[in-house]
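> Convert by adding 13 to the 1-based position in the sequence shown; the result is the number in the numbering used here.
It is worth saying that the hints were derived from the structure and are not from the lab.
Treat the hints with caution; some may be incorrect.
[Unchecked claim] Straight-line alpha carbon distances no greater than 30 angstroms define the calculated DSS-like cross-link-like pairs of lysine-lysine that follow:
no., residue 1, residue 2
1, K57, K140
2, K92, K308
3, K282, K94
4, K57, K173
5, K202, K92
6, K313, K94
7, K173, K226
[Unchecked claim] Computed beta-carbon distance windows for the label pairs:
no., residue 1, residue 2, range
8, I238, L176, 58 to 64 angstroms
9, K92, F113, 17 to 23 angstroms
10, F108, L253, 42 to 48 angstroms
11, I115, K231, 26 to 32 angstroms
12, V69, I115, 15 to 21 angstroms
13, S95, L180, 49 to 55 angstroms
14, T260, S198, 42 to 48 angstroms
15, Q309, G54, 36 to 42 angstroms
Given the structure is predicted, the values throughout are model-derived calculations rather than measurements.
All C-beta atoms, glycine included, are put in the ideal place defined by N, C-alpha and C.
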Amino acid sequence: MKVQLLKIPSHLIVAGSSWLSKIIIAGVQLASISYLISILGEEKYAIFSLLTGLLVWCSAVDFGIGTGLQNYISECRAKNKSYDAYIKSALHLSFIAIIFFIALFYIFSGVISAKYLSSFHEILQDKTRMLFFTSCLVFSSIGIGAIAYKILFAELVGWKANLLNALSYMIGMLGLLYIYYRGISVDIKLSLIVLYLPVGMISLCYIVYRYIKLYHVKTTKSHYIAILRRSSGFFLFTLLSIVVLQTDYMVISQRLTPADIVQYTVTMKIFGLVFFIYTAILQALWPICAELRVKQQWKKLNKMIGVNILLGSLYV
């Protein structure tokens, strides 16, 4: 007698790995707070917290290319077509995007940082501009590197993306622990680099790996236009969501004391863990829904959407 094994839906496997990844990342971020306060002191850690708020803003540096590419990969998979040219085109465009934003950050870092970190001028003195610019570079590497994870999600192997993401944060934490236990004196800039640069570098290494594999793939003008056309809408949506959801850091940078900023940061990291539990499912469902739409399996698609909206409502 054959035993039928329970088949777990692929999006739940991806969501499960995402939950584990988010728990690890949240654990790293919460654990790092006490070490960073010991290393930097409360006031400098408050500055560190404000700078980490730039991470979400820098998620827009890919101009929506990653999300647009993810949709094209899902559509090509549904039609059993090659999507290599789309990936290569997207990587070319992302390289141009990061160069553009680096120049933009370099030009405007002085003006923006003077306002954003104005409450800490006496502590930072003339280091404000370079600290802000360095933070933008580090977080931009994470923003561009996220394209790698979107490729993996579109290929329905999102668990690999979650594994790499969790690993990158653990490496950053190990670097921080090394500094702490060795008694090495570091400033805010180096602390940011140690904790967050591995997050960007690991995903960028995967992008380089994929590009080398696609080196001989030919691209056409239509591939670039298609990616840009699809990405523009996602870029606009990202900007609007950032403006709505991230203005809090602009307010607290001007109004709260260092102690209050630290307390706010801890609270938001705990809330972020709860929030990501449900968004992990939505992230895993995205490529599956895109494929169902292309295949015109409307009944299955509508059922999947309805069930997950209901689950989300109950969760809230």
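> Against each hint, give a clear statement of whether it holds in the structure.
We went through each hint and held it up to the structure:
no.	hint	in the structure
1	K57 with K140	13 angstroms, holds
2	K92 with K308	8 angstroms, holds
3	K282 with K94	41 angstroms, violated
4	K57 with K173	35 angstroms, violated
5	K202 with K92	47 angstroms, violated
6	K313 with K94	22 angstroms, holds
7	K173 with K226	18 angstroms, holds
8	I238 with L176: 58 to 64 angstroms	34 angstroms, violated
9	K92 with F113: 17 to 23 angstroms	33 angstroms, violated
10	F108 with L253: 42 to 48 angstroms	25 angstroms, violated
11	I115 with K231: 26 to 32 angstroms	28 angstroms, holds
12	V69 with I115: 15 to 21 angstroms	18 angstroms, holds
13	S95 with L180: 49 to 55 angstroms	30 angstroms, violated
14	T260 with S198: 42 to 48 angstroms	35 angstroms, violated
15	Q309 with G54: 36 to 42 angstroms	59 angstroms, violated
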